[in-house]
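Student: Below, each chain spelled out in residue letters.
Protein chains: 2
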Amino acid sequence: MNTPLDRAACEALDHADPLGPLRDRFTLPDGVIYLDGNSLGPAPKATAERVARTAELEWGRDLITSWNKAGWMALPAKVGAKIARLIGADADEVVVADSTSVNLYKCAASALKLAAPREVILAEAGDFPTDLYMLQGLADFSGAELRMVAPDQIEAALTDEVAVLVLTEVNYRSGEIHDMAALTAKAHAVGALTVWDLSHSAGVLDVDLNGAKADFAVGCGYKYLNGGPGAPAYVFAARRWHEAMRTPLSGWLGHAQPFAFVDDYSPAPGIARMACGTPPVLSLVALDEGLNSFDGVEMAALHERTGRLGDLFITLADQRLAALGLEVASPRDWRKRGGQVSLRHPHAYEICQALIARGVIPDFRAPDVARFGLVPMFVRFTEVWDAVGILVEVMASEAWRDPRFAVRTAVT
Amino acid sequence: MNTPLDRAACEALDHADPLGPLRDRFTLPDGVIYLDGNSLGPAPKATAERVARTAELEWGRDLITSWNKAGWMALPAKVGAKIARLIGADADEVVVADSTSVNLYKCAASALKLAAPREVILAEAGDFPTDLYMLQGLADFSGAELRMVAPDQIEAALTDEVAVLVLTEVNYRSGEIHDMAALTAKAHAVGALTVWDLSHSAGVLDVDLNGAKADFAVGCGYKYLNGGPGAPAYVFAARRWHEAMRTPLSGWLGHAQPFAFVDDYSPAPGIARMACGTPPVLSLVALDEGLNSFDGVEMAALHERTGRLGDLFITLADQRLAALGLEVASPRDWRKRGGQVSLRHPHAYEICQALIARGVIPDFRAPDVARFGLVPMFVRFTEVWDAVGILVEVMASEAWRDPRFAVRTAVT
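Chains as they are written, first to last, in the numbering used here: chain A, 5 to 416; chain B, 5 to 416.
Just to be clear, a hint being listed does not mean it is correct.
Under the rule of at most 25 angstroms between Cα atoms (straight-line distance), these lysine-lysine pairs were calculated in the DSS-like manner [unchecked claim]:
1) A:K117 x A:K190
2) B:K49 x B:K82
3) A:K117 x B:K117
4) A:K190 x A:K340
5) A:K49 x B:K117
6) B:K117 x A:K73
7) B:K49 x A:K49
FYI, nobody ran anything at the bench for these hints, they're computed from the structure.
Owing to the predicted nature of the structure, the values given are computational and were not obtained by experimental measurement.
Bound-form chain A, shown alone (with noise of 0.2 angstroms):
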């Protein structure tokens, strides 16, 4: 890609930019350049309002009518649906509910028992802590092996003994991307099956799900998707398993009919059986309004700035960042890449916190990586070029080594 030097070049892309429009959309603070979207997407400009209705109005003036009057059991499915249309999949393979590691427990759950009695669970050591935690739950709860290899062992590890291969598309820390396709190809082939965590991929990237025959996933809604601080999140199952698929986790809003209040679970026809307890019906509007975000945006062009974006930010790091210490730790080809650039430095806990007080928001993962959230939806090419020239007077300044900013807060 062009790779403009200066700052007017920035402004000029910008300007020319036919996506720059929709950060429009979004309620971002003046004097922040706001990296961390990544973690938590910024606040859509009717979110407070509709949040607010909802509970005045629908709630408060309406009552319990609002759950057919106001549509709100339906929302479960009508968000799933416009997740659907980011992610590759059928409107009707979707729905939210509950959080990603408990969506995650389902998705695991069903494919051992499709896949039994094959017992081996597969995943990558270093994908993020509560996939892997939820594995490990069910694993020892259900008798299952949890295997944990490195990334690069991951295909010699398909044996024919996996039940399923549970992978984050793009790795948090480096924000690589696992090779959806090829990986799901190379678990069928060995009989296993798949779940994707597409937490920090959907909204960035042009996921395709069902062109890549993934099995099941699961994502986030805070994040990329600007659905709030711990939006619902939603599950994937491909068509093919809708019939024969199993949760544990039974509730009464999976079953074929909830309203009937029967004793026996019998479960809804389709992903519907993927729900599990009532809604947050709060937090679930607003995670509507997240989506609505995306009306119009093709994702195809928002993963090509994506790429934009990032490619800008490294080649800034390379020739401004490099010599003061900061290692760009994210794959240099932009399609290989999520919407992340990390850069690793022994201090990036205190070079984050230097950089905040500045104003620049990226966030730190331990134990040595700084994440800057390049995300296509509202950062512009000249805060790139901005944030990088802050980040060369922290380091040339040593102004990290305050020693205020050591101080580690709960929450990083």
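Given chain A, put chain B in place with the hints provided.
Tutor: Leaving out everything else, chain B in the frame of chain A:
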């Protein structure tokens, strides 16, 4: 209890009632008698603004920093502590997380593991459906055996094969209270543990988990706790189990060091390990406001008011509704009854619809129950009088036979 038998006497009761002003804490629409707070509690007046402020300022302006700065990360424990006061638990024995369904799974699975090698889960036929469905899922995937017995068979079924007894304290259809202390003692006597679902008791009864020596409990935030539609739920575990208990849903927010990002799960100390994924903050702050509506309220006094409202309803039903074919299906002794009075009629569905058309909102539970939630936080004695009067009119005129009232909606 003394029962007034005309409207003037009800007005006098409302006038003299020290708890009457609690109603002012809620948004309640004019012209509606809301007797469904047992299904969805009303909106506290402060909630809409609190949620909007959270979306606009904490999320929109302060973005990712609010996990620390606005205390989002501490909310599950902080709101849990507010619930603890209502249910006879210590502040650090309760955490808010997930849905009631998911929490029931965590507790029942934990109890099964603690009681190994026993494999029998004992439950009540006709208990709230999602509880039974979750236990069926747990049994199917774990190899445990679920035994569902009639309410009057529970004690006899408590044998030394039973690992865990799972019961809703107040039956959702009849409103009848199980004797938590007696059944827990009986369970312990045979070496079994207990999981209590407080969804239909916390917030209207003076629940005393530790007094009853309960092991685990779960409950819902959106009924009597006024937390909003689909509000997050909670988990209680008695301190004596905190060290040994494990949950299969071992997500990152139940980890000892969630932000260390290590591969191996190690449970957080105490009740925190029952948390799982990232909490839905917008719904969680609404639940926090719901709990704030209990500020300064003594549960013993609230419980007594629950009894008085129900006694009035039952007396009036006996006097004016029995002859019209409506049968009281809840206990007459207020100490054995939760926050609802149920009436039974073959056309309970149509009768509920006719009431709703007249501004009285009860709810229907298949196949033949109309539930009247007499919630002590906001229902007035005069409303009980007026609701029964409207019910008399509906029955005497047979207005419920209007074919419009037979149309079934998705949610009832």
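Student: Give a verdict on every hint.
Tutor: Going down the list of hints, with the structure as the test:
Simply put, K117 of chain A and K190 of chain A have alpha-carbon atoms about 20 angstroms apart, close enough for the 25 angstroms limit, and the pair holds. For a cut-off of 25 angstroms, the pair hint linking K49 of chain B to K82 of chain B stands: about 21 angstroms separates their Cα positions. Distance check on the hinted pair: K117 of chain A and K117 of chain B sit about 21 angstroms apart at the alpha-carbon level, within 25 angstroms; holds. A hinted pair counts as satisfied when its Cα atoms are at most 25 angstroms apart, and K190 of chain A with K340 of chain A qualifies at roughly 19 angstroms.
A threshold of 25 angstroms between alpha carbons decides the hint, and for K49 of chain A with K117 of chain B the separation of about 47 angstroms lies outside it, so the pair is violated. Our distance criterion of 25 angstroms between C-alpha atoms is broken by K117 of chain B and K73 of chain A, whose separation comes to about 43 angstroms. Taken as a hint, the K49 of chain B and K49 of chain A pair is honoured in the structure, with Cα atoms around 24 angstroms apart against an allowance of 25 angstroms.
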